[in-house]
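Asker: Keeping the supplied structure of chain V fixed, place chain D upon it in accordance with the hints.
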Amino acid sequence: MAIEILKPGLMTTVRDIGRFGYRRFGVNPTGVMDPVAARIANVLVGNSDHDAVIEANFPAPEIRFQSDTIFAVTGGDFAPRLDGAEIRNWRTFRAEAGSTLSFSSKAGGSRCYIAVAGGFAITQWLGSSTTNLAASAGGFHGRKLAAGDVIEIGEPGVFSSVGVSPAPSILPRYHDFPTVRITVGPEFDRLSTASRNDLLNSTFTIGKNSDLMGFRLEGPSLTVDGETSFLSSAVTLGTIQLPPGGDPILLMSDHQTTGGYPRIGHVAAVDIPLAAQLGPSERIAFHLVEPEEAHKLLIAMERDLVMLRTACRLRSTKRI
Amino acid sequence: MKYPVPKIYCLGDSAMTIEFGVGIDEDVNQLAIACADQLDKTRFPGFIEAAPAYASTTVFFDPFQVYSEIGDHSRIRDHVRERIMLAAAATVETCPSIGRSVEIRTRFGGEFGPDLTELAARCGISESDVIEAFINREYRVFMLGFLPGFAYMGKVDERIAVPRRDVPRRSVPSGSIGIADDQTGIYPFDSPGGWQLIGRTDIKVFDKENVPPYFFSPGDRVRFVPE
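Taken in order, these protein sequences are the chains called V and D.
Following our numbering, the numbering of the first sequence begins with 1 at its first residue and continues without gaps.
Following our numbering, the numbering of the second sequence begins with 1 at its first residue and continues without gaps.
So that you can see chain D by itself, here it is in the shape it has in the complex:
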C-alpha cells in the first residue's frame, strides 16, 4: 500500500490535524488539499477553517460551538475526529481538482539573483546550466506559509538543490526567487530571509490592494520563464 492510514492528532484544544503521509509527495499533498476543500464545503457547526500543508490538513474549530451542538464536553475531540474522517473518506470519491497553471516571468542572476554565481560554482555547473535546470520543469505549490502569500514550491532538480544560506540576509527584496533544498519560493515582501536567491519577478505574490490579495493557491502549477 502506498499510503499509510491517516493519523489524526490534537493541535491544542481548538485544532486537529490529519496527516496523510510524512514526505513531499504530489498525491499525498493532493489528498491534504482535497480534504481541506471538503471540510470547507461541509462546514460542521463550530468549524472555523481548514488549512492544508505538505502532507496534512489542520482543522481549526471553536470547542464551545461544538459543545453547543453535541452537549457533551467529553466528546468534542471524538466528534471533530469523526467530521474529519468523514471529509477524508469523501475526498476519495471526489475528482481531484487540477491546480491552475501559471507562468512567472523571471530575470535571473546579477543584482536579481545574487546567489546564482556561488550556487553554480558549488554545484560544479555553469550559471546557464543552473537556469536551464531550474526552468526545465513545472513546480507544484505544496502549501503557503512563512509569510502571507509565500508559496512552498517543488521539487527543484537535485543538481541545484542547495541548502539555505548559513547566514540569512537581513533584507530580501520583494519578488526574489530563492532555493532551499528541493524547494523554491518567491518572497512576497521585503523581508529577512535565508533562501539562495537566483532571480526576481515583478509579480507581486501578495498585494493587499488586490482581491484576492494572494497570487498562489495550494495545488497551483508553476513555470518560470526567463524575461
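Isolated chain V, as found in the complex:
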C-alpha cells in the first residue's frame, strides 16, 4: 500500500503535529501550519493525532493511490478532484487503486492536508515523522516531496469508513481577512501608546517575503520605547516579534527556537489555524484577550475534537 507523487506541487511536505523535546538543542517542532485541520484529517480516517499527513501549499500536488485507500482532505480548499470528479474537503472517500487525487484551483485558504487511513509509514527521526527543512531531516528524506516519490501507507485501524464528515460548527472559521485573538507579549508594555493602538485597531497585510518561518506584517510601523533588542530567549509558534524596521513578524511553523526582538504579542493557539491559512497580500487584524479567555476557547475546541473522535469511532463500529 502506497501513494505516488505524480506532480510535487510548489511546497509539499510530510508533517505531523510536531517534534517535541529538542528545542533546547535548537530543533524546533516544525509541525503542521494548521494543527486543527491536520488533526481532523487524521480523526476522520481513524488515525491517531500524531500520525503523519501531507501538507500541501498551492500549486498542490497530484497523487496516485497505488492501492484502495480511505483518505480525507482538510484545511484550505484547493478544489480537490478524484479521477477528475469533484470531491469536497472534510469528508472521507475511498480511492480505488490507480486513481488520482488532484487539485484544480485555490478556492480558499493556503494549506491543505491529506490523511490516509493507516497513516504514512515514515521512519521517525527524534520521535517524530515531521520534516525539518533546516536540518534536512525527518519526514520523507528530510525534503519536500518530488515527482516519483513513493510513500508507504501503514495498516489502517478498524475505525475508518467512507463518508465520515464532522459537523460544520466544529470546523475552524477560516476567513480571508480574519481577526485573530492575541495575548500580550512580554514587551507589549514597551509599545508606544500609538503603536499599541495601531496593533489592536489596524489591519496588517501578509508581506510577499513571508514563508513558513514567519509572516511579515505590513501596516502601520510600530515602535517600542527603550531597548529594541534583548538577550535571546525562547520564541514560539504565534509569537509576534518586532524587529527595528517596525514591521512585525508573526512566527509560524518553521520559526527559529530563539529570538532577541521585542515580543509584542502571541496569537492564541485556538486561532493559529486562521493565521495559517493566510497567504501573501491577505489581511489580518488582532483582538486582545486574557490568557484565561484563550484557554477557555482552546478547551472548547479540544472538547469538540474529543467528541468528533468518539463519533467517528461509533459510526465506524456500527458498520463492522
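Read the hints as simulated data drawn from the structure, not as lab findings.
Note that this is a predicted model, so its numbers are computed, not measured.
One or more hints might be untrue.
[Said to hold, decoys possible] Below 30 Å or equal to it, Euclidean Cα-Cα: the simulated DSS-like pairs (lysine-lysine) are: (1) D:41 x D:204; (2) D:7 x D:155; (3) V:106 x V:7; (4) D:155 x D:204; (5) V:144 x D:208; (6) V:296 x V:208; (7) V:106 x V:208; (8) D:208 x D:155; (9) D:155 x V:296; (10) D:208 x D:41; (11) D:204 x V:144; (12) V:7 x D:208; (13) V:144 x V:106; (14) D:7 x D:41; (15) V:296 x D:7.
[Said to hold, decoys possible] Residues of chain D placed beyond 12 Å of chain V at every Cβ, according to the derived structure: (16) 23; (17) 27; (18) 42; (19) 85; (20) 88; (21) 115; (22) 125; (23) 126; (24) 162; (25) 171; (26) 173; (27) 227.
C-beta: ideal position from N, C-alpha, C; glycine also.
Answerer: Frame of chain V; chain D shown alone:
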C-alpha cells in the same frame, strides 16, 4: 543580592518563561539550565518540554491537558506558574551539573577564516594575536538556537569582540567558526550568516545520522585547539 527575584511571564497561552536575570552570566545560565533539567525530570501533567536560554527557561505545555488535570480553565496560568516556582526552588538544592568538556580542532585564517585579516586590522593586533586571544580561554555553551545544533558560546576576549558583518554572507560553509560581539559559534550547515569567520572545524555540530544528532548541550565547556 546578586540575583533579582525570578520573573515569570506568559509566552502566549501554551508556554511560560522564567527569567533569572537579564545579562550573560555563567551562574544565571546555570540556574536556567538546572531549572529546565528539574522540570524535565518532574514532568507535570501537560508538560511538553523545557528549553533553557541565556538567562531564562521556557516551559511549553498543553493547556487542555493541564485543564484535564485541574478542572478549572481560569487556573491554568497559576497552576503552571506554581510548577515552575517549585522547580526553580528545587534547583537551589540540586548540585549543579558541570558541563562536559570538549575540544574543537580548528584551522584558522585563510580560506577557513576569511574575516581573520580584517578583524585583526580592525582590532589593531596581529592575526596570531587574535588566534592567541581566541584559544586562550574556555568557552561556555550558554544556549542553542538559530539553527539546529548552533551553540551560542562565550565570552570572547573583549579585544577581539567585534560585531557581526554589515552585510551577511549568502552562504557560510558548515563548520565555520565565527565571532559576533562577545559570542562565538560554529555553523552546523551551509547557511546564510553574518558572523565574522576566523576558522573552521571538521566536527559536525549537527549530524542527522548521529544519535544524538547534536554535538553540544547547554552548559558544555569548550576549548579551541589549532590544528
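Asker: Okay, which hints does this one fail, numbers in order?
Answerer: Hints 6, 9 and 16 are the ones this structure does not satisfy, whereas the remaining hints hold.
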